[in-house]
Structure formats: structure tokens, C-alpha cells
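**Q** Chains as they are written, first to last, in this note's numbering: chain A, 1 to 313; chain B, 1001 to 1305.
Part of the chain A face toward chain B, derived, beta carbon under 7 Å: (1) 53; (2) 113; (3) 126; (4) 131; (5) 148; (6) 274.
Simulated from the structure, these hints should not be mistaken for lab results.
Since we're looking at a predicted model, the values are computed, not measured.
Just so it is clear, CB atoms sit at the ideal spot from N, CA and C, and this is done for glycine as well.
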Amino acid sequence: MTAVDAGRQPALTGASQPRRRGNPRRRGGWSGYLFVSGYTLLLLAFGVFPTLYAVYLAFTNNRGQFTGLNQFIKVVQDYRFAPAFQNIAIYLVMWLLLVVVLTVVVAVLLRGMVRPGLSAVFRFLYYIPGALAGVASVLVWLFMLDPAVSPVSGLLRAIGFDTFAEVLAPADLPVIFVLIAFWTGAGGWIIVMYGALNNISDEVLEAARVDGAGLWQTAWHIQIPMIRKWIVYMAILAFAAGTQLFVEPQLLQTASLGRVNPTWSPNQLAYVYAFQRGDFNGAAAISIFLLALGLICAGILVTRSGLFTADET
Amino acid sequence: MTTPTVNARAGRRARPLVSRLAPAAAAVAILAALLIFFVLPAVWLLLAPSKTAGQLVADFPLSFGSFGQIGAAWKHLISYQDGVLFLWLRNSAVYSLGSLVLTLAVSVPAGYALALTPFRGRKLLLTTTLIVMIMPSAALVLPIFLELNLFGLIGTAWSIILPFSFFPFGVYLVYIYFATTLPRDVLAAARVDGCTEWQLFRLVALPLAKPVIGLVAFFSFVGNWNNFFLPYLVLPNSDQFPIQVGLNQLLSSTPSFNPVAGAGLNITSPELALAIIISTLPVLVLFLFSQRALVSGMLAGSTKE
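Taking the hints into account, I'd like the entire structure generated from these sequences.
**A** Here you go:
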């Protein structure tokens, strides 16, 4: 315990505190367990147990017999597997680039160039679609993308879409999902980024200004490094949200009367395995792939970004 | 403190006009373009119930129909399955608020302890939290469904509230908040003065935690109110649906999207738009109330010297 904690605390707090609390540490230990007990129970019940259960399912068959990697081989050889992951990869690249760059740029602009009262109005208006996340946002965009009723039907027709069916061409789907995700999610992240920027004291910014730094120099050299923790966090969560894409393609598929591929995303493929073929083991195997993908990416971000060693105190 | 600001502003004004205006113009263009992108669909949505399905196609998209048509759409909507809409809204409230209370009760102390109380296994818990947090939650829905089935919770309110109240994001927010804003030295000094760990949490940490509690409550409520996948799988009956799953049922009853199933019903595009607006209202109201906490206290700038 001591070795682990002694190694971590300075990194987390930035304050080097040699053995000052011998006794309080033990006392703190017990209270620490009490403080985290409720959460730990939920974590075990709805995080750890279902995960282990998915692993168990992925390595067994429907009679509970150990089958090694057979479930994984089965789903990988499915002709729908590779396209589903390819779809999600294209979507993720576009989505991550857009959300990271634009939310940070907008937060910097709102913080540096707009009066606080006005920027609150902007943030509120940007956020409004966040209230429509999930089913509601997909339904709204069904209307937005239908040239018959869309307020931007002129724009849709100008870029060659005359009917709803044309809009739903396979190549357009990643763009559609990026639009929906950005419309519902970016406003919330702009608020978070703005809040993080707001936490940087005015004196620091003033010092930079006095030294002759412009808006972008200040942003690049001072503000962005200071909110790096939050940017990384946003990227991790945006990635996670991207890999689990389900509601959007599923509802689009329903509303388009089957014109859209029912196994566009890996989660949809897992859903088809579980609820149309009753193959929970195959569905779990696909889930494990998604899980591994998320873990690798998070691991890279965590170790590279200094999320755990960052010193912000 | 004010003098350098004035000087700096004066210095900026003195620069050539173009180098001063170009970035400003770019900024205005970005902010305005995004404003249209975010607001236009919402405006269209607000206007849609005032028109008939025919007017939606024929009229100018941003025109207002009539209040009478809104009333008609409302009547059609609440007569759908004998007012099941109200039941869906009530269900959503029960699921979201129930899990919100549980989430706050467990995640605030947990985030505090992870940030500031040394105990064995802290690193493990923190890492696990991060991992489960970034893990695709939809990947857990199916195993959670089987688990709930095992414990006989399928079709009960608990089968939604308990999984909803597990909110690692909230714990992580509280952890980050305390790790970055509450100096360890303050706690160490209070400990030396004889404060118990409970007193530290109750008297030092909790009063400082208001902004992050508002933030966690907000994200938890919004996330749970908008959740679709788990209730979709776990709740078999329409009278147990939250509004999101109800919207899905309305969608499949709308003739413009499903000509066969929708035939003979009064649910058309304007009714669907009205239902979307109604399903959104609680989250919008909540945002208005928590805006102060979200904006001014996001990272509690006030607690920093």
C-alpha cells in the first residue's frame, strides 16, 4: 500500500508530502472504504460483473461449454463484421477531429472575444440541442435531411440530394451520424471547455497579454496546455460514445423502411446476433472487440496525455 | 490590477485596423455559422406542430401555422392510446430522479475519497472507474439484461434505476474536481487539528462541492432521461416505457415514416414534433436552473486563490 500510494500522491497533487500522516493514514484508510463502498457495490454489480459475464459468454457456447476462440473466429468471419468496423472507423475519425478542434476553438473564442453575458447566451443556444440527445435528435434530423420538409432543402438540393432516399446513401451515413452527434453533443462540451478555461485566473492571461501574446498565442501556449486534462477526457468520452453508436443507425434504419443497412455499426451487428438469432455468445464476442478497442485507445491517451500525472494544483 | 488591463486594451486598439479586424471577423463567422447549425433545427421543430403534415411540405419551412393546429396536434397526441404520453413522462421522471438520488449519494463521497483519502486499492478503483467509464456502455446492456433476468428484476422500476445510478463519469468528475481544487495541505492541517475524516468530508469538502454536485446531477439526469437502449430491452410493456422508448413507438405509428402501421391513426409529423418538444422540456428547464452552477462554478474558480 505504502509503496503504491507514496508513488502516486505526489504525481496527483504535485505537492511532495513526506511521511507526515502516519496515524491519519490508517484512519483515512478505513473512512476511505466507507466513502467508496456504495459506489463500489454499483461498480461490481453493473460494471465488473457484466463485463466478466460478457467474457465468459464470449469463450463459451450456448450450453456453457468452453469453446476457446471459436466465437471470435465465427463473428470475424461474418461478412458483415469488417464493413461494420470500417463504417465506425470512418465515423470516429471525422467525429473526433471535428469535436476536439471545434469545441476548443469555440470555447477559446467565447472566452477571449465575447463579453461574458453574450457568451452565456451563445453557450445556452449551442447547448439547446443537447436536450434532444438520443431518440429525439435522430427524429429531428430525419426531418432536417428530408428535402421535402427540411428548412435547408435548398442546400440539400444544391449538393445533389432531391429525395430522402438519396440522402441515405451508404457513403453519406458517417456524415449524417457526425452531424447528429455534433448537434447534440458539442454544446455540452463547449460548456465544459469554457468552464475549464474560466478556471484559469485572469492574472495569468493578463500577464500573457502584457507580454504581447495574441488570442491564439495565449490559447496555444497557455490555455490549451492548462485544460489539456479536459480535452483528453473529452476525446476519450467522444471515442467511447462513437464506438457504441446504436440508436442513430437503428432508428434511421427503422424510419427509412429498411433502406439502411441493419448491421451498419458493430453494436447493431451484436444486437442482430442477440435478438434475431438468439446468439448471446456471438454478441458478447463482438462486445469484447469493442471493449478492447476502447481500452487500447484510452490507454494511449492516458499514458500520453499525463491525465494521471498532470499537476494543476 | 485594473491598470495593466487598460494599458493592454489601449495597446491592442493602437494596432493596424486589418490585423485587428480579420481575427474578429473569422471569430464572428465561426460563432454565427455554428449558431445557425445548432438553432435552426430547433426553431423548425418548435414551429412544426403549428402546421398540418401537408403544410410542412408545402409552406415555407420557418413559417408559423396556427395555434389552433397546435391544439389539434395536442388533442391527437394525448388521445393516443388513452393518454399513454403522460404515463411515459411519469415513468421517465421516476427512473431519472430515482437514479439521480442514488448517483449523488454514492458518487460524491467516492470521488472525494479517490482524490483525497489514501486507502489500499485506491488506484485499482480509480483505474477500474476510468475503464468502465470509457467502455462502450451499450456493450454492457445485454449482459446487464441477463444479470437482471437472473435476479428477477426484469420489468420492474429497479431494473432501470439501479443500472442508471451506476455513473462512473460522475465519480470521475468529483474526483477531478477535488484533486484539482482542494489542496491536500488544507485537509492535512484539519487532520492535525483533530478533525475526523467524516468531519473533513462534511464540513470542508461538501460545502466546496456544490458546483460539481450540480454538474453530476445535471449530466446524470440528462443521460438517464435520454437513455433508450436499456429500457428498450428491459421493459416489455408500453405502460412502463420511458418517453424515449415511447417516441420510438410513436415514430412507428407515424404514416410518413411507416405508411402501413400508421394508417388510420391521427399521429402524423406535427404530432411527432410536438411529442419531441414535450420529451425535451424537462431537460431544458433543468438546464435553465443549473446554468449558474454549470457556467460559473464548473471548476469552482471561486475556491481558488
